[in-house]
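Participant: One-letter residues, chain by chain:
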Amino acid sequence: QKEVEQDPGPLSVPEGAIVSLNCTYSNSAFQYFMWYRQYSRKGPELLMYTYSSGNKEDGRFTAQVDKSSKYISLFIRDSQPSDSATYLCAMSASGNQFYFGTGTSLTVIP
Amino acid sequence: GAVVSQHPSWVICKSGTSVKIECRSLDFQATTMFWYRQFPKQSLMLMATSNEGSKATYEQGVEKDKFLINHASLTLSTLTVTSAHPEDSSFYICSAGTATNYGYTFGSGTRLTVV
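Quick mapping for you: the protein sequence lines, in order, are chains S and H. Mapping to this note's numbering: the first sequence position 3 is 3, numbers consecutive. Mapping to this note's numbering: the second sequence position 82 is 82, numbers consecutive.
The set of hints was computed from the structure by calculation and includes no laboratory data. Where hints are given, some of them may not hold.
No more than 25 Å apart at the CA atoms, straight line, and that leaves these computed lysine-lysine pairs for PhoX-like [stated by the list, open to error]:
1. S:Lys56 to S:Lys67
2. H:Lys55 to H:Lys66
3. S:Lys42 to H:Lys14
4. S:Lys2 to S:Lys67
5. H:Lys14 to H:Lys64
6. H:Lys66 to H:Lys20
7. S:Lys70 to S:Lys2
8. S:Lys70 to S:Lys56
9. H:Lys41 to S:Lys42
10. H:Lys41 to S:Lys70
11. H:Lys41 to S:Lys2
12. H:Lys55 to H:Lys20
13. H:Lys64 to H:Lys20
14. H:Lys20 to S:Lys42
15. H:Lys14 to H:Lys66
Taking CB as the label site, the calculated pair distances span [stated by the list, open to error]:
16. H:Ser18 to S:Gly54: 46 to 56 Å
17. S:Lys67 to H:Thr80: 38 to 48 Å
18. S:Lys67 to H:Thr82: 34 to 44 Å
Positions of the beta carbon are idealized from the N, C-alpha and C atoms, including for glycine.
Please build the complete structure, drawing on both the sequences and the hints.
Facilitator: Next up, the structure:
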């Protein structure tokens, strides 16, 4: 079983839609949870970082962590064509070694 | 914010030659640097972890004699792919951080094509 599972998509939504991206994991020791955005042929860019459980909001982005279900989510409100990218979840127990999902490819259609 | 510069962004080399990729932290001192490899539509795969001034720690299955990592200073790490073969063609990404910078900052990646 992989440490982190993420549906690769692709996911296609109309502009303005709410996007929900999810990852599940198996290691209950994970306590650092990150979401990265990666444009084609570029390195990942950190979007959201959450420690332990709970919600975190930053502009149009909301990250949720449910440690009891080993499930994390990233919500994008009022999605824009510029949000079209691959979104990677990553998590860590110690803050040093990270385990990445395979990424979900998102296209926002104008 | 923290910036990591990776160079070159793409390189094409002949089979059997060596290629060096540089990763620099521009505005902070990176005590730890990671090197990843990414195949199309696949996740980032950690290749090795390097701490400044010490030998890199390689993940299982990664040949340390083929992928030479040097982290001689707090702002520079290099990955040298020696005797490259077509199967080494991939997207290589570094990330750099400090002990308190959870999440780390990624470079822009290097697309290596071996012909």
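Participant: Are the hints correct? Go through all of them and say.
Facilitator: Verification of the hints:
Taken as a hint, the S:Lys56 and S:Lys67 pair is honoured in the structure, with Cα atoms around 14 Å apart against an allowance of 25 Å. About 15 Å separates the Cα atoms of H:Lys55 and H:Lys66, which keeps this hinted pair within 25 Å; it holds. Distance restraint check for S:Lys42 and H:Lys14: the Cα-Cα separation of roughly 24 Å lies within the 25 Å cut-off, and the hinted pair is therefore satisfied. In summary, the hint linking S:Lys2 to S:Lys67 is supported, as the alpha carbons are separated by about 17 Å, within the 25 Å threshold.
The suggested pairing of H:Lys14 with H:Lys64 holds, with an alpha-carbon distance near 21 Å, which does not exceed 25 Å. At most 25 Å may separate the alpha-carbon atoms for a hinted pair to count; H:Lys66 and H:Lys20 meet this at roughly 12 Å. For the given pair, S:Lys70 sits about 13 Å from S:Lys2 by alpha-carbon distance, which is consistent with the 25 Å threshold. Taking the CA atoms of S:Lys70 and S:Lys56, the gap is near 17 Å; set against the 25 Å cutoff, the hint holds.
Between H:Lys41 and S:Lys42 the alpha-carbon distance is near 14 Å, which keeps this suggested pair within the 25 Å criterion. A hinted pair counts as satisfied when its Cα atoms are at most 25 Å apart, and H:Lys41 with S:Lys70 qualifies at roughly 24 Å. A hinted pair counts as satisfied when its Cα atoms are at most 25 Å apart, and H:Lys41 with S:Lys2 qualifies at roughly 16 Å. As the CA atoms of H:Lys55 and H:Lys20 are separated by approximately 17 Å, the hinted pair is consistent with the 25 Å bound.
Of the supplied pair hints, the one linking H:Lys64 and H:Lys20 holds, its CA atoms being roughly 14 Å apart against a limit of 25 Å. As the CA atoms of H:Lys20 and S:Lys42 are separated by approximately 18 Å, the hinted pair is consistent with the 25 Å bound. Under the criterion of a C-alpha separation no larger than 25 Å, the hint pairing H:Lys14 with H:Lys66 is consistent with the structure, at around 16 Å. Checking the proposed 46 to 56 Å range against H:Ser18 and S:Gly54 shows it holds: the Cβ atoms sit about 47 Å from each other.
Between S:Lys67 and H:Thr80 the beta carbon distance is about 40 Å. The supplied range of 38 to 48 Å therefore holds. Distance hint for S:Lys67 and H:Thr82: a CB-CB separation of about 43 Å, consistent with the stated range 34 to 44 Å.
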